[in-house]
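Novice: Work out the full structure, taking the sequences as your base and the hints as a guide.
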Amino acid sequence: MQYHLRHTTTYEYADAVAVCKNLVHLTPRETASQTHQNFQLTVLPEPDFLTEKPDYFGNRRHFFAINSVHYALTITCESDVDVLPRVLPELSRSKPWDKVVTDLAADRSPDGLMAFLFSLPSARIGSSKQLAQYARPSFPPGRPLLEAVRDLVHRINTDFEFDPRATNVHTPVTEVLRLRRGVCQDFAHLAIGCLRSLGLPARYVSGYVRTHPPEGQPRLVGADASHAWLSVTDGVGGWHDFDPTNDSMPTDEHITVAWGRDYADVCPIQGVFTGGGQHTLSVAVDVIPAEELQDATPRSPAQSQQQNQTISAVGQQQSQQEQSQQQGQQQSQTPRILPQPRQPQPRGQQGEEKKPGYFQPPPEIPWDV
Amino acid sequence: MGVARGVGLPPGVGGVRLTLSMISDPTLRSTPGQSLFGSYAGDPDLYDEIYAEPGVLRTHWQAFAQATSKFGVQDFSRRWAQARRLLQENSLAYPDPRNRDVQSRPWDLDPLPLILNAEEWRSLSDALQQRATLLNLVLQDLFGPQRLLQGGDLPASLVYRHLGFRLPLASPATPPAQMLHFYAADLARAPDGKWWVMGDRSEAPSGTGYALENRIALSRMMPTVPRQCQIMRLAPFFKSVQDRLAELAAPHGENAQTVMLSPRAGSPHYFEAAYLARYLGYPVAESGDLAVRDNQVYLKTLGGLSPVNVLMRRLNTDECDPLELPGQAAGGVAGLLQAAQSGSVTIANSLGSGLIESPAFMAFMPKLCQRLLGEPLKMPGVATWWCGDPDAKRYVLEHLDDLTIKPAYRRRSRERDDTKELRQLTPEQIAKRIERTPERFVAQERVVRSIAPVWNETATETGYIALRSFAVASGDSYQVMPGGLARVSKSHSPLELSVLEGERSKDTWVISDGPVPSVSLLNPAQADIALSRAGADLPSRVAESLFWLGRQVERAESQARLVRTVTLRLTSDEEADRLPELPPLVRALAELGQIEPDFVLDIMKPQLPAIENQLPLAVFDDTQMGTLRSLVSGLTMQALGVRDRMSIDCWRVIRQMNERFVADPATADLADVLEKIDALMVNLSAVSGLVVESMTRTQGWRFLKLGQRIERAVQTATLIHAMVECPGMNEHAPLEALLEVADSLMTYRSRYLSRMKLGPVLDLLITDESNPRSIAFQIVDCENLVAELPQDQSLRGTPIEQQLTHTLLNRVRRTDSQHLARNYEAGASGPLLLLLSDVSKMLPKLSDAISHKYLIHSGDVQRLTELDTESDTDE
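Quick mapping for you: the protein sequence lines, in order, are chains A and B.
Each step along the first sequence adds one to the number in the working numbering, with nothing skipped, and position 110 is 110.
Each step along the second sequence adds one to the number in the working numbering, with nothing skipped, and position 220 is 220.
Hints listed in this document are in silico derivations from the structure and should not be mistaken for laboratory results.
Small disclaimer: the values here were computed from a predicted structure and weren't measured.
There's no promise every hint is true.
[Unchecked claim] Quick list of in silico lysine-lysine cross-link-like pairs, DSSO-like style, CA-CA up to 30 Å:
| # | chain 1 | residue 1 | chain 2 | residue 2 |
| --- | --- | --- | --- | --- |
| 1 | B | Lys490 | B | Lys70 |
| 2 | B | Lys490 | B | Lys420 |
| 3 | A | Lys99 | B | Lys432 |
| 4 | B | Lys393 | A | Lys99 |
| 5 | A | Lys129 | B | Lys393 |
[Stated by the list, open to error] Going by beta-carbon spacing under 10 Å, a handful of chain B positions derived as facing chain A:
| # | residue |
| --- | --- |
| 6 | Pro172 |
| 7 | Pro175 |
| 8 | Leu323 |
| 9 | Glu324 |
| 10 | Arg436 |
| 11 | Asp743 |
[Stated by the list, open to error] Now the in silico label distances, taken between C-beta atoms and shown as ranges:
| # | chain 1 | residue 1 | chain 2 | residue 2 | range |
| --- | --- | --- | --- | --- | --- |
| 12 | A | Lys53 | B | Lys420 | 52 to 60 Å |
| 13 | B | Gln429 | A | Lys53 | 42 to 50 Å |
| 14 | B | Thr174 | A | Ala32 | 24 to 32 Å |
Ideal placement from N, C-alpha and C gives every residue a C-beta, glycine not left out.
Specialist: Now the structure itself:
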């Protein structure tokens, strides 16, 4: 399956931004079942400096800096991706999950160590008893791993409701478990957390998924979105993807961009800037199957719903309680990864501007260093 | 002779009995029983640093005992009191005047040093060299190929769970260059005389500055004693630090610039960084002073960006780069890691070097040493069990009562709280926590430390010793400081807590077994130094601090003078309602924010008691904005940030002012106000005088001066405006009061004797360019100063700040004071008020123009996406 991929992110700032520096994970990975051509990363205003360097997991990662005053930043990423249909494994013939756990502990090869890293708690996914409890029913002793994971993913899809208002990018996995609501990122984190709480390695995959416009209607421009799912090792060297949001195993409708321990490792755009005041973010994603490209250019953007969000400055920390109280009208603080089917994100409120703190003495003593 | 080589000779062997009768010094004999160590009682169960057996001094202490015996207790106490005063005045550490809870120097120096002999130090030195070499190899492997994990020498679980193991720092393909350049270890001595390592410090080890300061203090206190004892000097160690940094700078070319990357001014670690930077001769930069452009680090200066090639890092890794290494704290230099990885800047210690100071690694050191160096550890570490290992966990749970439980991963700056928290738990609670997350805990053998005498006013008591020892990379190995920082506490409790219980420090002396060569940190005389006068390389932040320091000094002075004038009136024997100058003065007080505006009424009498009560509050209350006291705090704060740029005397005056201008606002009365303000005025004048006399006329001076000039013009304009708004300002008494506040009464009298008229007063305070207190004088000076600021030659046209001073000066020069006065007397105060408000409006514009152009290179950094560094749903 061939796709033309276009992902545009625009930041608009209330005040002038003097300098910004960004790290982006936007380039699709080359995998056994995925290749791409004509990759193009366009940044406006033109960056003064741009480099590319792979990260720890081998994802392609660009770094760019803009050193002149600007009021908006647009990052557009385009490429033609070729996705081969993946051969789905026979789930019932995979290694028993408990055997995977014990084998992993003994495997100190570089691949084994990498898998082990994916079995540990990470920045966004802590371990907890509740996660293990939720996972248990899918994991009776000796059950083939992939079968068990498929079951877990199915249960998450059934038990949890897709609801972009219920969570934000800071909602911890345990809270998602309690709410039984969330978006694709939450479901991927949740499934990963469940697996890790049993000692199993699982990685977070960020990318895109093909959407099918309703019968007889044209595709809307910019209406697609980023997506997230998870990948699990079978203990014999293979990794297999599972999509809890769509209750499926990806074949040729998922485009993989990057993988890591969780969202924090592969966040599409991560940056710092000085000045700017409040800022708003809009994201437009198109995943256009090649056969549609020939038909017609997509419809005018007038109908497309842009995803508008306000990001508040770093340093503004809210307690979980406050966050849940304000939900429904609460702004998201980072570009969210939206699941399929796409639903409009609530329009964000303006975040509070950070007060410049001239001096904040840390409560520490010289002996600490 | 060979007493106590640190290898546990039985007490008494080779010891020399040094009793009073043996000392022929007449001073000591005349005060029998007054040996410095007279009241010190040893402990037979512990290693005694000073006595080989009761009454028998260890050999390497004899020279000290002899040299100090001639002081006697009294003289020793007197010298010590004097030294302490000096130490306090010159100390590195100074508490943040706005936050008195932060301890800046949590321990006092003890005048009795810890003394080691050369042989013992050599074995310590060997052991530390080995340990630093080992730690560096482990770091290089973990952030590189991770062979230690593949080989099973270290559990992957230990490393991967460590929050300090930041993936952006790790790259198996290109193993890192040397990561550990500066290292420190905390040591303790067991009862058998052997030293043990209690902990490693590899991030940005602190303490060398304090060791240096302690040495200087003791040398001043008893100048001849160190020489008589033949102690090894510290300078060679600091020379090695310079050499190391020069070595790191060499590949970057001849003009490579080395900068000390320090924490923010006011943070407890800032003092040491600034002190060391000054001693070693490097500029201090906070992260806000640096910027990265195209993978090159630059220092932001008034003249533009100046490249930096080596950073001596005193910041924690997670405070260094908000882009790739986001931490809890804001700040840092975005892109620093990229720059370091591109090789354009060398950071010492490398980012991430703190990983290995976590206690969990101590459990594996013997094995790692064998594996990487093929030899056993030369100095054992305190026995440590990492509970992430199931066998170790079982052992620990069975021996909970005999072991000290600690967090396996050191969380910098939270260690004390973590330890304290653990100490409050019952063994059952601890066991439960270990069971739940075993990998987060280590257990260590309880450490027994050695004892030594500690001076306590006039006698000695017993203290427990821990020694922080320092090493710097040198060639293929490390150079160890011949000395160190001994920490003394009154109990055995863990080091992390002993600070809270009143810890003290000791200088550490290593007795040389040969003559002590002298080493100087100064450049060799033959090397030519390029002359430099420009000063455009001044960091923008420093210029900004100086500018605001200037403004605050001036503001404090103007307001102090106003408060004093009012207070003098209120305390005079004249009835207050017969003082026509009081209403305008009170209005000025309100206008300048010193008192509530409610008091501004023409009828003074009923309000007087209230004003009398209000005034001490308005002066001494630290919690309110705009009070004199808070102005003094603010300017002390500004001064702290640029301490390394001002003369020591200037800092001393500011310090003194900050410490003396204190009174309890609740109980202070007008007499206190007068007394304190008089003293404050003297200090403020001293600061201004020192600025004029001792600062070179470079950019830093210009910004300070500009701050002062702008502020004085603002204050004077506001003062006149507030007072002339009151009716009757053409009378004698109010005019005299105005002149008094504006510090121009003497000049006026010398010109006009006692005839008070508004016209001449306005001329003197506004238009007279020869009066250093007039508005015109300030503006003329501003115009001269801004003309000297660095300009971008490529830009055409008159710079905005020059346009502004020009316009201001024209406005004032075109003013006819007599004319304004006549109008005012005829009831038309409009033109005068308009002039004053014009001036008051344009001055802030000038201040902003200067700030924008020269000072605000750096705003606070924001993040596009906010990422938590740690989430933990366990607790």
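Novice: Hint compliance check: list the failing hint numbers for this structure, sorted ascending.
Specialist: Numbers 7, 11, 12, in rising order.
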